[in-house]
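*Asks:* Here is how the chains run, residue by residue.
Number of protein chains: 2
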Amino acid sequence: MKGEIFSIGHELLMGELSDTNGSWIAAKLPALGIQLQFMSIIGDNLDDLAGAFARGLKRSDIIFTTGGLGPTQDDLTREGVAKAVGETPVVQEEVVKDLERYFQGRGMTMPATNIKQAYLIPSARFIPNPNGTAPGWWTQRNGKIIINMPGPPGEMHPMFENEVAPRLREIIKDEVTLTRNIKTIGLSEGAIDEMLTEFFNRGNPYLGIYAKQDGIHLRIIARAGDAATAQGLIQPMEEGIVSRVGPYVWGYDDETPEQAAGQALKARGLTLATMESVSGGYLVNSITDVPDSASYYKGGVVALDDQLKIANGVPAEIIKKHGSVSQETATAMAQAIRRSLGADFGIGIVGVSGSRGEMVQGRPAGLGYLSVAGPDRVKEMELRIPPRRVVVKRRLANTALIELRRMVSAL
Amino acid sequence: MKGEIFSIGHELLMGELSDTNGSWIAAKLPALGIQLQFMSIIGDNLDDLAGAFARGLKRSDIIFTTGGLGPTQDDLTREGVAKAVGETPVVQEEVVKDLERYFQGRGMTMPATNIKQAYLIPSARFIPNPNGTAPGWWTQRNGKIIINMPGPPGEMHPMFENEVAPRLREIIKDEVTLTRNIKTIGLSEGAIDEMLTEFFNRGNPYLGIYAKQDGIHLRIIARAGDAATAQGLIQPMEEGIVSRVGPYVWGYDDETPEQAAGQALKARGLTLATMESVSGGYLVNSITDVPDSASYYKGGVVALDDQLKIANGVPAEIIKKHGSVSQETATAMAQAIRRSLGADFGIGIVGVSGSRGEMVQGRPAGLGYLSVAGPDRVKEMELRIPPRRVVVKRRLANTALIELRRMVSAL
Chain A
1 MKGEIFSIGH ELLMGELSDT NGSWIAAKLP ALGIQLQFMS IIGDNLDDLA
51 GAFARGLKRS DIIFTTGGLG PTQDDLTREG VAKAVGETPV VQEEVVKDLE
101 RYFQGRGMTM PATNIKQAYL IPSARFIPNP NGTAPGWWTQ RNGKIIINMP
151 GPPGEMHPMF ENEVAPRLRE IIKDEVTLTR NIKTIGLSEG AIDEMLTEFF
201 NRGNPYLGIY AKQDGIHLRI IARAGDAATA QGLIQPMEEG IVSRVGPYVW
251 GYDDETPEQA AGQALKARGL TLATMESVSG GYLVNSITDV PDSASYYKGG
301 VVALDDQLKI ANGVPAEIIK KHGSVSQETA TAMAQAIRRS LGADFGIGIV
351 GVSGSRGEMV QGRPAGLGYL SVAGPDRVKE MELRIPPRRV VVKRRLANTA
401 LIELRRMVSA L
Chain B
1001 MKGEIFSIGH ELLMGELSDT NGSWIAAKLP ALGIQLQFMS IIGDNLDDLA
1051 GAFARGLKRS DIIFTTGGLG PTQDDLTREG VAKAVGETPV VQEEVVKDLE
1101 RYFQGRGMTM PATNIKQAYL IPSARFIPNP NGTAPGWWTQ RNGKIIINMP
1151 GPPGEMHPMF ENEVAPRLRE IIKDEVTLTR NIKTIGLSEG AIDEMLTEFF
1201 NRGNPYLGIY AKQDGIHLRI IARAGDAATA QGLIQPMEEG IVSRVGPYVW
1251 GYDDETPEQA AGQALKARGL TLATMESVSG GYLVNSITDV PDSASYYKGG
1301 VVALDDQLKI ANGVPAEIIK KHGSVSQETA TAMAQAIRRS LGADFGIGIV
1351 GVSGSRGEMV QGRPAGLGYL SVAGPDRVKE MELRIPPRRV VVKRRLANTA
1401 LIELRRMVSA L
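Chains as they are written, first to last, in this note's numbering: chain A, 1 to 411; chain B, 1001 to 1411.
Where hints are given, some of them may not hold.
[Claimed, not checked] Here are the simulated DSSO-like cross-link-like pairs (lysine-lysine), alpha carbons at most 27 Å apart as the crow flies:
hint, chain 1, residue 1, chain 2, residue 2
1, B, Lys-1028, A, Lys-212
2, A, Lys-83, A, Lys-116
3, B, Lys-1083, A, Lys-58
[What the hints assert, rightly or not] Examples of chain B residues lying across from chain A (beta carbon under 7 Å, computed):
hint, residue
4, His-1010
5, Gly-1015
6, Pro-1166
7, Tyr-1282
8, Asn-1285
9, Ala-1303
10, Leu-1308
Just so you know, these hints were derived from the structure itself, not from any lab.
C-beta: ideal position from N, C-alpha, C; glycine also.
Required output: the full structure, derived from the provided sequences and hints.
*Replies:* The structure is reproduced here in structure tokens:
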């Protein structure tokens, strides 16, 4: 079954806020057997809306919309559907009563404009909305479905979960889609594309490749009549991919580097401390984003100058001999913070920030060193990163966490 | 001039991530005199892309796209444009050389697949991309414009700002819309509404009021034949607003708390150091996101346990007497790190993380204390925040930075 999503509202076209409803719905569709073809953001304009519905009904089997169900003259989603299917809305008296009760319950009288929330066309049924005044519309006509939901996520999410998804599960007998995301680091997108060329363009399972801030992601998408069969399609491709790029794989599905490293530590009852300079706290901030981090993370120092490094146990003579930006200093930082906080692992990160081509004390901007110190060995690494501040911060932090995970898992 | 935006990528349709490029571009268009009609998210499918371009060229004057310019077989944006306009891409040798240099600079050889990033059709010109391998395309044909930009924001934003927007300013002669965003904290929406009542409902310039996580934003929107005239409409209203709520204004337009605080410090040649617990490095990571931060920020400690606080100069007896989560400890942290790094200002943050309703050592989750210590006084503050991890981190860090800016500006 082919689907599309409209997010409706003038404010979305003003760039005042990003639409999050679309991606929220999109993530639910594969498991319902719906293949999403398009997502659109459309303003509160009757002709634009009617045109979009008419086009959507031609090219898709099902259209989901959010927004434009409010009581004001700007809210034209219902009118757009009615115009596209050529039907006339009629006021439903029992819904007017519901609305009046809703307002009475809040000690208010219903504004006259809210009456349009009681409109219905002959092909549509209401979808109950216990969390607001705007009921949804479920329109079914000539084998096509239009589902209109309100824009506020607090109303839309429960409506989708409790009303829309269960009905769709009954109706749709299409195949389901399973995905598996394999996360790698250390190879370029082009290099992976070459190494895995045999797996691309197979149709089903489909292999996608995405360059992300934490490396290259490979996503296997399989469609089948049931989940077990889909899993049977994924497994051999996953094994084939891992057999070729296995040493570069650091995580699966939605896992982040800080989660992957945190889980590895937690599973073994081990702890971590960090000292970083050029990554500027990106490392510690990522680590503390994980809800359980307090059980394995003992804290960190963001030592932008040598004074704070030395105050936290880095020998001044190492900095003097090798420089603030050196592999030796990164290792001394990892070991000093590990020791002073009594942690099993320490991470040290240093590097050169600056603009592309700039040299700082004889070292190019974007040069970074990281060290992961464990109970019996230290992993050292030199990186050269495009010298954009946020890229340098993220890349060094992510790489350190991925290396940490690798060391911990190998214990 | 009528415009639309395509965000291109299969992963956007899978709900794996929300598109943020669309709203970023959307926010820039009014000032360029472009009325945005539609935003669409389209998968990596040649027919869908070609169809969308063909339709867009009919109903709009200009189409912006992000994504699908990478080197892989999945990246089909160029091919979509070529098909829609009926032209054939040809490899441009000088761009191949640029690409080879890019990879050489990173110690790699160029994968063969990257060659398609050197494709061009006759109606298109390249848009330089100093931050990645994928140049953009600027296609102009029969009075219509297509602008293809890469998906990563770190590449797309500078391409738009430095290449696309300046050229469009030369071309477009339509009425422009300018906005001015004034950011306040410390007054309620209702209080501001009353204080500024004379400025609302004027039509042009229009004044909007928005509650955001960093305070109340006031947005002035002016339309005029040219930027100077629009600016002339904004200025008296801005002056009127600032004369009434000036002490509560902490920033303008896209300014973040860390930028506002940083600029205040830098303008006076003053420096900052930080020590935080519950905000988990969100504070230091925000501060170091600002490009110039090295000139005024001396570093920070993320002291999740008391050991690291004491090692960095917080008196053990204060923690013992008042507890780790107390106003006194926050102030001692601010003063200790200020002193040990010889900074003009120190920030200390402590608080209780946990779930709603949870008590930790007799204190409710979401309780936080912050202290900003300056040369001659300390600002102390107690906050009660909905205990969601990221909300607690962000609110404490933002509030501390806004208070810091206020103290520095008052010097």
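*Asks:* Hint by hint, say whether it matches the structure.
*Replies:* Structure-based check of all given hints:
1. Annotation: proposed proximity of B:Lys-1028 to A:Lys-212 holds, straight-line Cα distance about 25 Å (limit 27 Å).
2. With a C-alpha separation of about 15 Å, the suggested pairing of A:Lys-83 with A:Lys-116 holds against the 27 Å cut-off.
3. Between B:Lys-1083 and A:Lys-58, the direct Cα distance comes to roughly 22 Å. Compliance with the 27 Å bound is thereby established for this hinted pair.
4. Because the closest C-beta pair between B:His-1010 and chain A is about 6 Å apart, less than 7 Å, the hint holds.
5. Here the hint on B:Gly-1015 is kept, as its CB sits about 3 Å from the closest CB of chain A, short of 7 Å.
6. At a threshold of 7 Å, the smallest CB-CB gap from B:Pro-1166 to chain A is about 19 Å, leaving the interface hint violated.
7. Taken as an interface hint, B:Tyr-1282 checks out: its beta carbon lies about 5 Å from the nearest beta carbon of chain A, inside 7 Å.
8. For B:Asn-1285, the suggested interface contact is upheld, since its CB lies about 4 Å from the closest CB of chain A, less than 7 Å.
9. With 7 Å as the threshold, the beta carbon of B:Ala-1303 comes within range of chain A, its nearest partner Cβ sitting at about 5 Å, so the hint holds.
10. Of the supplied interface hints, the one on B:Leu-1308 holds, with its beta-carbon coming within about 5 Å of a beta-carbon of chain A, less than 7 Å.
Violation of the numbered hints given earlier is confined to hint 6; every other hint is satisfied by the structure.
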